[in-house]
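In case you want the letters, here they are:
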Amino acid sequence: MSRVLIVAYGNPLRSDDGIAWRAADSLDKKFPPSEVEILRVHQLAPELAENASRSDSVIFIDAASVPSSLPGEIRAEEVCPTLCAGPSRFSHVQTPQDVIALAERLYAARPKSFIVTVAGASFDHGESLSPSAEAALPILIERIVGIVRTFLQQKA
Amino acid sequence: MPHPNTIVIDPVTRIEGHSKITLHLNDEGRVEDARFHVTQFRGFEKLCEGRPFYEMPSLMARICGICPVSHLIASAKACDSLLAVRIPPTADKLRRIFGLAQVTQSHALSLFHLSSPDLLLGMDADPAKSNIFGVAEKNPELARDGIKLRQFGQKIIERLGGKRIHPAWIVPGGVSEPLTEANRDAILWSLPDALAIAERTLEWFKSTMERFREEISTFGNFPTLFMGIVKKDNGLTFYHGKLRIVDAAGKVVADDLDPTDYAEYIGEKVEPWSYLKSSYYKPKGFPDGIYRVGPLARLNVADRCGTPRADQELAEFHELQRTAVLSSFHYHHARIIEILYCIERLEQLLNDPDILSKHVRAVARPNALEGVGAAEAPRGTLFHHYKIDDQGLIRWVNLIIATGQNNLAMNRSVLQVAKHFVQGKRLTPGMLNRVEAVIRCYDPCLSCSTHALGRMNLQIQLVDADGTVLDEVARA
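Respectively, the protein sequence lines represent chains A and B. With the working numbering applied, the first sequence corresponds to residues 1 to 156, in that order. With the working numbering applied, the second sequence corresponds to residues 157 to 632, in that order.
You may find that some hints are simply not true.
As the list claims (entries may be wrong) - Residues of chain A clear of chain B, computed beta-carbon distances all greater than 12 Å:
#  : residue
1  : D25
2  : P32
3  : S34
4  : L48
5  : A49
6  : S68
7  : L106
8  : E134
9  : R149
10 : T150
What the hints assert, rightly or not - Simulated crosslink set (BS3-like; lysine-lysine; CA at most 25 Å straight-line):
#  : chain 1 : residue 1 : chain 2 : residue 2
11 : B       : K543      : B       : K575
12 : B       : K407      : B       : K440
13 : B       : K514      : B       : K311
14 : B       : K407      : A       : K29
15 : B       : K543      : B       : K425
16 : A       : K29       : B       : K319
17 : B       : K304      : B       : K294
18 : B       : K304      : B       : K362
19 : B       : K438      : A       : K112
20 : B       : K388      : B       : K438
21 : A       : K30       : B       : K319
22 : B       : K425      : B       : K438
Claimed, not checked - Chain A is faced by these chain B residues, among others (derived, beta-carbon under 10 Å):
#  : residue
23 : Q310
24 : V409
25 : G462
26 : R465
In short, the hints are calculated from the structure, not lab data. Cβ atoms here follow ideal geometry from the backbone N, Cα and C, with glycine treated the same way.
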């Protein structure tokens with residue numbers, strides 16, 4: 001059981017939507033697998049609840065398409081640990097809240113969880129990031145490294 | 157703004173893809189016709205033209221995130237034909253293992269994540285609770301089993317192919333890497349738990365059937381043909397064999413059909429109201445040549461499974477009706493029996509003495525300009541047909557996907573359910589859910605069958621005799 005689970009999600013063939021995977025590539029080299037497990041997925045699915053239940057803490061990384069955000073803007077917030085009711089609950093398109101709520105309901109686990117997003121500028125076909133996302137990438141990585149270290153120190 | 161005499165359901169939820177349903181009423185306000193419209197655009201066949209043939213398996217896998225392995229297998233088999241090679245026996249077995257793992261995880265997704273809310277909570281349950289969270293609340297063990305079974309299949313795919321989605325391990329001529337002893341042992345170690353889940357699920361499902369008598373009698377319960385690939389001994393298979401077609405009485409109407417000659421007996425009709433073509437059995441014409449594929453069809457055409465527990469369950473399944481098993485509600489039942497078969501068959505293949513052989517790929521240049529690959533995907537028979545030029549570049553592609561082959565039956569099923577359950581000019585959640593639930597029985601993959609990417613929704617319309625939209629239901 002790793003102590004921190006990082007879930008990098010998005011589509012690496014859709015430009016900035018792949019920023020989480022790019023961050024994961026760098027984070028791979030920064031922590032031992034016994035401490036930090038990194039998963040790359042296209043979207044969140046119920047199965048991740050089981051992975052989350054085996055970790056002390058979970059960090060979700062995603063590209064955001066938010067009109068009110070500036071491209072490259074990074075936001076980090078704690079994931080609401082309770083199930084937030086909503087009209088749309090497609091069983092294979094889920095939110096970080098869904099994953100954490102399922103982990104609690106099915107496995108009685110309540111890992112501390114954060115979602116870190118980067119506002120994307122382009123979600124067109126392509127494997128490269130937009131200039132604003134490329135510029136945000138090292139800042140994103142440092143931000144996540146900081147969160148991971150905090151998690152690890154809390155448990156040390 | 158919908159016409160006041162039409163009911164629209166949009167989107168149909170808990171399916172793979174985007175579509176809508178319209179229900180048309182006669183002068184008495186009763187359902188007279190129903191249509192299942194697939195609103196995604198089909199594009200992959202054109203997109204591939206000009207690409208080198210050896211890219212096809214990887215390109216085709218991108219059609220779907222749920223069953224990329226089926227497209228890999230059918231595509232690689234078509235490429236094997238272009239190379240005119242016989243792949244090494246171990247590669248053949250490894251491809252089968254890959255396919256069985258995928259069927260298991262895909263069936264688990266359909267049953268546990270998409271349909272179990274209907275089966276556990278009932279067709280009239282609050283739509284806000286008809287999801288995996290509702291299942292987790294009512295029967296957490298069932299929800300955990302679904303998660304574990306999907307992980308089981310995905311983990312095998314990851315062990316063999318390097319990743320869970322879009323692995324490129326299956327290649328023209330075989331597979332790219334042999335199976336390691338460590339991975340074989342790890343998979344073998346995981347089989348007992350998976351088998352226990354399959355057994356538990358089967359027992360649970362059978363215990364629920366009595367509650368769904370009305371649905372069983374009205375969910376696509378009509379005569380059609382059934383088609384599937386079978387082995388030489390007419391046993392169940394997902395990888396290779398001949399095509400067999402049985403009629404509603406269970407009588408074999410066509411046997412030993414070479415999948416390569418599919419165009420001689422399968423026709424495709426385009427309807428102006430859907431991007432999904434409708435396949436039919438040519439000798440009977442359109443629409444009399446309506447046939448079904450997938451788990452229900454496979455168990456109707458197969459004489460045996462070839463594994464002990466699945467064979468017991470198949471015998472019991474065949475007892476459900478003296479004829480072929482007609483109700484599409486029984487797709488669920490067939491799906492669980494196939495999961496059982498997959499797990500048992502995985503054990504047989506993994507214990508094969510040659511399974512760790514390093515000889516897993518035949519290498520050749522193209523030796524034919526045309527190739528067809530066929531296999532059984534989770535949702536039914538899948539055909540990939542390619543033509544290349546002298547440089548090995550793709551010049552023409554035709555794909556026939558399971559969901560298209562079930563299109564006529566899905567439309568007729570929606571009509572049967574709507575006629576039985578939809579009364580008056582307003583839809584209740586229970587009516588709506590049953591119209592959706594019959595579609596879920598087929599586990600359609602609209603992204604596969606139209607080869608489009610992206611959108612995942614559906615809608616239902618109720619239309620009167622004048623074409624007026626009476627009601628429309630759409631979910632964001």
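Against chain B, does P32 of chain A keep a CB gap of more than 12 Å to every residue? holds, 21 Å
Is the hinted pair K514 of chain B and K311 of chain B satisfied, with a Cα-Cα distance of at most 25 Å? holds, 22 Å
Was the hint right that Q310 of chain B lines chain A, CB cutoff 10 Å? holds, 7 Å
Taking only the CA atoms, is the gap from K438 of chain B to K112 of chain A under or equal to 25 Å? violated, 59 Å
Could you check that no beta carbon of chain B comes within 12 Å of the beta carbon of A49 of chain A? violated, 7 Å
So if I understand the rule, the pair passes when the alpha-carbon distance is 25 Å or less; does K29 of chain A with K319 of chain B pass? It holds: about 19 Å lies between the C-alpha atoms, which stays within 25 Å.
Distance restraint between K407 of chain B and K440 of chain B, which requires alpha-carbon spacing of 25 Å or less: Holds, because 15 Å separates the two Cα atoms, which is no more than 25 Å.
Evaluate the condition: distance from the CB of S68 of chain A to the nearest CB of chain B exceeds 12 Å. holds, 20 Å
Just to be careful, I want the Cα atoms of K388 of chain B and K438 of chain B compared with a cutoff of 25 Å; is the pair within it? holds, 24 Å
Check whether the Cα positions of K304 of chain B and K294 of chain B lie no farther apart than 25 Å. It holds: about 18 Å lies between the C-alpha atoms, which stays within 25 Å.
Minimum Cβ-Cβ distance from S34 of chain A to chain B exceeds 12 Å: holds, 19 Å
K543 of chain B and K575 of chain B were given as a pair; does the straight-line alpha-carbon distance stay at or below 25 Å? Distance ~45 Å between K543 of chain B and K575 of chain B Cα, so the pair is violated.
Of the numbered hints stated above, those contradicted by the structure are hints 4, 5, 7, 11, 14, 19, 24, 25, 26, listed in ascending order.
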